[in-house]
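> Sequence:
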Amino acid sequence: MLAWLLLGSVSLAGTEEPLRFTWAVVYQGSGRSVLAIDYSSRIAHLSSGDRVRIHFQPRSRCFLYVYLHDAQQDLYLLGQRGFQPPESPEADRSFTLPEGDNWYRLDTSGGVELFYLIVSDHRLRRLEALTSRSLSRPARYGNLPRLSRQRPVLEEIRKLIRESSTLAEPVQKPVTVAGEFRGVTEQGSYQGIEVESGSVYVRTIRLEH
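Sequence positions in the sequence shown follow numbering that gives the first Met the number 0 and run 0 to 208.
Heads up, some of the hints might be wrong.
[Unchecked claim] Quick list of in silico lysine to aspartate or glutamate cross-link-like pairs, EDC-like style, CA-CA up to 20 Å:
1. K172 with E193
2. K172 with E195
3. K158 with E127
4. K172 with D37
5. K158 with E168
No wet-lab data here; the hints were simulated from the structure.
Build the full structure now, drawing on both the sequences and the hints.
Here it is in structure tokens:
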């Protein structure tokens with residue numbers, strides 16, 4: 000399992016534009032290098048103790064929701080946030096989970112951690128409501144907000160996965176993302192995925208350790 004943070008959502012109106020954004024999952028192992036996970040593999044193989052971050056850069060107005068269903072079968076909200084169009088003066092240029100100098104760390108219990116990356120051109124109000132009703136106090140492992148009633152939230156996420164599968168296949172291509180890795184005293188670049196999608200995009204990211 001992991002530890003850290005919750006971000007509040009921002010209310011924006013829906014849009015008919017295609018979703019356009021870039022995302023990446025990077026990790027730092029026993030060395031100092033920051034690497035991207037293997038996006039071509041169904042399961043990315045890491046090691047207990049590795050540190051993990053999620054990078055997201057919007058290129059259109061959108062809403063982001065990120066959940067973790069961990070190896071102990073607990074469900075956590077990692078973050079939810081709305082983004083203005085990139086040309087807007089108040090636009091967020093990029094976003095990382097966790098924020099600041101923080102990283103998630105894979106613990107020694109091992110298993111498969113499931114991350115759900117959900118991006119929509121409109122607020123997913125049912126998902127937000129189910130999540131809000133299910134939130135409990137942070138688990139003893141850290142500051143992640145745990146969902147005490149996870150079944151309805153997981154069912155809604157799986158419904159979104161089914162709905163997104165009926166849309167046109169999203170255009171996804173590898174890109175190089177420049178990054179400044181706080182807390183690692185290293186600058187560099189790593190591989191991410193650039194996406195152009197219909198109204199909802201859901202990606203399940205599996206990390207085994």
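> Give a verdict on every hint.
Quick rundown of the hints versus the structure:
no.	hint	result
1	K172 with E193	5 Å, holds
2	K172 with E195	9 Å, holds
3	K158 with E127	14 Å, holds
4	K172 with D37	13 Å, holds
5	K158 with E168	17 Å, holds
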